[in-house]
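Colleague: Read top to bottom, the protein sequences are chains A and B. Quick note: the first sequence uses the working numbering, first residue 1, plus one each step. Quick note: the second sequence uses the working numbering, first residue 212, plus one each step.
To be clear, the hints were calculated from the coordinates, so they are not data collected in a lab. None of these values were measured; they are calculated from a predicted model. Relax, there's no trap hidden among the hints.
Pairs of lysine-lysine residues, derived as DSSO-like cross-links and limited to a Cα-Cα distance of at most 30 Å, are as follows:
| id | chain 1 | residue 1 | chain 2 | residue 2 |
| --- | --- | --- | --- | --- |
| 1 | B | K455 | B | K294 |
| 2 | B | K704 | A | K65 |
| 3 | B | K704 | A | K66 |
Derived coverage of chain B by chain A (criterion: at least 3 residues anywhere in the stretch with Cβ under 8 Å from a Cβ of chain A; other residues may be distant):
| id | segment |
| --- | --- |
| 4 | 383-394 |
| 5 | 400-413 |
| 6 | 429-435 |
| 7 | 598-604 |
| 8 | 608-618 |
| 9 | 621-627 |
All C-beta atoms, glycine included, are put in the ideal place defined by N, C-alpha and C.
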Amino acid sequence: MLCGLCVLCGSILIFLPGGYGDFLNFRRNGEIEDNPGRAGRAGGGESARPSAWKIGMAMPPVSLKKVDILVAILLFPVCTYVFYEAGSWPRLPDLGNPGWIPSGVSLCLLIATIMMLARALRGRSLTLPGRLEGVDRARVLWVAAITVGYVAVMGYLGFIASTIPYLAGFGIALGERRWARLGFFSVAVPLAIYLVFDATLNVPLPRGWLR
Amino acid sequence: MVDLNLLLQGFGTVLYGYNLIALLLGSFFGIIIGAIPGLTATMGIALLVPFTFGMTPITGIVMLLGIYTGAIYGGGIASILIKTPGTPAAAATVFDGYPMAQKGLAGKAIGIATVSSGVGGTFTAICLAFFAPILAKFALRFSAPEYFALACFGLSVTITLSGRSPAKGFISGTLGLLIAMVGLDPMGGFQRFTFGFPELTGGISFVPMLIGLFALSEGFRQVEVILTAPRVNAVLKDIVPTLKDLKECAGAYLRACPIGLIVGITPAIGADTSAFLSYAETKRASKHPEKFGTGVPAGVAAAQCGENASTGGDVLPMITLGIPGDAATAVLMGALTIHNLQPGPMLFQNHPEVVHQIFSGMIAANVVFVILGLFFARFFARVINIDRKYLVPLIFICCLVGSYAINNVMYDLITCAAFGFIGYLMLRYDFPVAPMVLAQILGGMMESNFRRALAMSRGDATVFLTRPITVVILALAIFTTVMAIRRQRQALKMEEELARRTAEAQ
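The shape of chain A in the complex, shown without the other chains (with noise of 0.2 Å):
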C-alpha cells in the first residue's frame, strides 16, 4: 500500500507541470548548475538561467490548476465512498446514527472539493512562486525510493545494517562525493542512535534476521 501510494504521488510530480524528463541529470559534488539543454527548451536561450538554489527569486509563478484538478478527481471517489460506507453502519438505540458526523464530514469535503474545483476551472488557481527544477524533483523522488526501501528492509536486515546504506545512499542522492566522510557519517550515527535508544532509553530498535 506504501509503494502503491509512493508511486502515485511521484506520478504526480513527474507528470504535472514541470517536464522532468531529464531526472536523473544532478550533478556531482553538490553543485547544481543551469542546465543549457533546459535553458534551449524554455525556447528563450537565456545565457543566465537561475539556479536551483534561486527558486523564487527570479521564475515565473506557476499555477496550480492541474493540481487542484486532479485532487478532486481524487477526492470525489473518496466523498461517495465514505457516504455510502457511513449509511450501512448498525444504528444504535438512543445514540444516534453513527453515520450522521462521517455523511457530514463527507459532505464538508465534497463542498470544499467543489469549490476549489470550480476556482480551477475559472483559472483562478493559486500561484506556487516559481517552478522547480527537474534536478529538485527527482532528488525527492530518489530519496523517497531509498526511503521505502529502507522501512521495508529494516524489519529483515536490523537497525543498523539496514541504516548504514541509507544514510550512504542519502548523502550520494544529495550530491556528497567525500567518501571518508560519508562513510564515517554513516557508520557513525546509527551507532550514535543506537547507543542512545537501545542501551541508554531502553527502547529496543529492530533487530532483523541477521542480527
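Keeping the supplied structure of chain A fixed, place chain B upon it in accordance with the hints.
Modeller: What follows is chain B alone, placed relative to chain A:
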C-alpha cells in the same frame, strides 16, 4: 487562582536533578533548531518527542517546553546574521536586526534579541500560571454538549490556519476528521474504514502521523532545495546588553508583552503575527519612526519580545480546555497525552502538582534560554553553517526511529514515512498541514461528545440549543468561520488585483 505553594514546589522539582538537565538540553537543542533556517519549532518538538519516552512525564514535558521556547527565540539569530529568519516567527527581526549586523553590531543585536525574548516569554508564562486555573475552574462546568461546541469552535479556528485558500483548508481539515474516524466506533465498537487491515483497528497512530506531517515533510522540503545560506563569519562583540540598551527598549517591552499575550490566547494566530504587531506598534509609538528599519535596537526588542510573548498564550487554551491553539501546541498536547496527562480542566483537578510544575517549567525555560543564548551566542551563530547534506539525513533517521520507538511496531514506521511524503506533497501544492493534525485531535473529541450529548438527552438534538454556554460557543464558531472565509477571500482578491496590476505595468 494559582497555588503559590505548589508553584514554588514546582520550581523545586523542575530545577533539580534530571529535570534541570532535560531543561538545559531542551533549550540548547531548541535554540539550535530555531537558528537553522528551514527548521521550525513545531518540527523540533515533533522530532524530539520520541526522545522523551524513557523519561518521567515532567522531565519529558520540561524538555519539550525548553525546545519550544528556545526554538521560537533561536529564529532571531539567523534573522540578524544572514537576513533569513530561522523560523517564520522571526521574520520581523530582520527589519532592524540585519541592519545592526551590517553596522558591526551583530553581537549587540543578538544580546538584545535574547533578553527581549526572555522578557516576553517570562511575562506570559507568569500570566499563564495566574489565569489558567481560573479558566480551568470555569471549564469544570462543561459537559458533553459544551465540549462538542468547543471542538467545533477549535475546528472552525483551524480554517484560519488555512493559509491562502479556505477551500484547501477545509479539505485538509475534513481529511483530518476522516482520518480520526479510522478504527473502532467509540460507542458501538464496530470497525470503520479499516479495509480489513488489523493494524488499522486501533486507528492511525497519532504521534507517527504527527512526526511525519510536521517533521519528515519538512525534511523532504529540505531535500528539494538544499539551501545555500551565506556562511556566517561575523565576529560577535558586546553580546550582553547594558542597562542603557535595555532602558531604550523598555517602551517596546511594555507594548509587546500584552500584544503577545492577547495574540497567543487567540487561537490560530501565532508568534509571527505577534512579532509583526509588536514591531508595528512600537514603530508607531516611537518619537523617530523613520529610523526603524535602519538598525534600531527597539525594533529588534519589539519583534523578539512579541514573538516569545505569544508562547504563554498559546499554551493557555491547550492546557485548560484541551484545544490546541496552533501546530506547536498540538504537538505538545500529543506529547502530554503520551505521558498519560490529558490536557483539560480535569488535569487541574487530578494532577494539580503536575500542572504547577508545567507552569514552573515554562517560566524556567524562558530564563534558561536567555542564559544559554548569551553564553553560547558565538556557538549558535556558527550552527547556521552546518552542512545540510548531513543534517537532512539525520532528521530523516530521527523521525523514522522516533516513530518506531513509540510502540516498537513497523506499522508506525510506515505511517510516519507515508504521512511524511503526503505532508510534503501538501506543502508543495499549498494545502495547509496544520488543519489536518488539529482536526485529527479535535475530531475524536467532537464525535464522542456529540454522541454522548445525544445519549444524555435520549436522542434529542435540541440539547445543543438549550444550554447557554453551548449556544455561545457554537455562535462563536460560526462567526469565526464566516469572518475567516471573508478575510481570506478579501486577501485573495487583493492578491489577484496586485498580480493584474503588475502584469499590466509590465
